[in-house]
Amino acid sequence: MGQMSFWDGENRQKKLNNKKPLLSQLNELVPWEEFRPILEQIHDRERSSNAGRKPLDVILIFKLVILQKLFNLSDDQLENQVKDRLSFMKFQNLGIEDPVPDAKTVGLFKEKLTKKKLVEEWFEQLEEYLKSQGYKAEEGQIGDATLILVPRQRNSRKENKEIREGEIPEEWKETPNRLCQKDLDARWLKKNGENHYGYKNHISIDKKYGIIRQYEVIDASVYDSKVLGKLIDIENADPEIWADSAYR
Numbered sequence: 105m106g107q108m109s110f111w112d113g114e115n116r117q118k119k120l121n122n123k124k125p126l127l128s129q130l131n132e133l134v135p136w137e138e139f140r141p142i143l144e145q146i147h148d149r150e151r152s153s154n155a156g157r158k159p160l161d162v163i164l165i166f167k168l169v170i171l172q173k174l175f176n177l178s179d180d181q182l183e184n185q186v187k188d189r190l191s192f193m194k195f196q197n198l199g200i201e202d203p204v205p206d207a208k209t210v211g212l213f214k215e216k217l218t219k220k221k222l223v224e225e226w227f228e229q230l231e232e233y234l235k236s237q238g239y240k241a242e243e244g245q246i247g248d249a250t251l252i253l254v255p256r257q258r259n260s261r262k263e264n265k266e267i268r269e270g271e272i273p274e275e276w277k278e279t280p281n282r283l284c285q286k287d288l289d290a291r292w293l294k295k296n297g298e299n300h301y302g303y304k305n306h307i308s309i310d311k312k313y314g315i316i317r318q319y320e321v322i323d324a325s326v327y328d329s330k331v332l333g334k335l336i337d338i339e340n341a342d343p344e345i346w347a348d349s350a351y352r
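Its first residue numbered 105, the sequence shown is counted upward by one per residue in our numbering.
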């Protein structure tokens, strides 16, 4: 095996950049630093002093989450891919010698974003930025839903009845370890003769750019037609909507 020089690595990177792959385009288009004020809120009230190790950069982890969604990776797969793929490291501004946040760190970051209800805030900020750059919804929209499955719950009929009524079974309150393993928001759906347990992720995509303009996550039991009103992007210049028959 020949020895790789500095110039060999630089030439390889130039060839990648000249092809303008998706990740390079994103780094040129999106002003990532503008998201910092929103993302830094996950650290509010967490640090009582400046002692100890400082938290990892929120922009770094935020871009890891973007990578994860773009390439449909699990937390563990994401960690391994960023360590292995040159294009992923370049997107993150990481060198081969730089440490990569582990899968647990990424999972905790997403959990904090959700608990502090920051997802909607950064989603709206990104949407406004895209519009300001000329990516306005102009040629109609496409609605679709993806079934998100979660581990099935082995509950009694009585427990299921209480959950549907918005109550927590008394026995679960007495055993916190059992309660933390229960998903109280997911619901059952029968599709093509099979029972599924989980949620539905509804999205509205503008036809011209393929960008998600609206989204709504609900339990799987809710009919798609009841969600359509929340998915419609009223700022789309074209009134046409494409969706399957479930949205009628």
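Just so you know, these hints were derived from the structure itself, not from any lab.
If you're wondering where the values come from, they're calculated on a predicted model, not measured in any experiment.
Virtual Cβ for every residue (Gly too), placed ideally from N, Cα, C.
Certain hints may be false.
To be verified - The calculated label-pair distances, taken between Cβ atoms and stated as ranges, are: (1) P135 - K187: 32 to 38 Å; (2) G270 - V321: 17 to 23 Å; (3) K240 - R261: 48 to 54 Å; (4) L126 - E339: 22 to 28 Å; (5) N299 - K187: 26 to 32 Å; (6) Y233 - A350: 31 to 37 Å; (7) P125 - D206: 23 to 29 Å; (8) E275 - D323: 19 to 25 Å; (9) D289 - G211: 16 to 22 Å.
How the hints compare with the structure:
1. P135 - K187: 32 to 38 Å: Between P135 and K187, where Cβ atoms are some 27 Å apart, the hint is violated.
2. G270 - V321: 17 to 23 Å: 18 Å Cβ-Cβ, so the 17 to 23 Å window holds.
3. K240 - R261: 48 to 54 Å: Roughly 51 Å apart at Cβ, these two residues keep to the hinted range, so it holds.
4. L126 - E339: 22 to 28 Å: 25 Å, holds
5. N299 - K187: 26 to 32 Å: At roughly 39 Å between Cβ atoms, K187 and N299 fall outside 26 to 32 Å, so the hint is violated.
6. Y233 - A350: 31 to 37 Å: Once the Cβ atoms are compared, 32 Å apart, the range 31 to 37 Å for A350 and Y233 holds.
7. P125 - D206: 23 to 29 Å: Given a distance of about 26 Å, which is inside 23 to 29 Å, the answer is holds.
8. E275 - D323: 19 to 25 Å: With a Cβ separation near 23 Å, E275 and D323 satisfy 19 to 25 Å, so the hint holds.
9. D289 - G211: 16 to 22 Å: Between D289 and G211, where Cβ atoms are some 19 Å apart, the hint holds.
Figure legend: structure checked against the earlier numbered hints; hints not met, in rising order: 1 and 5.
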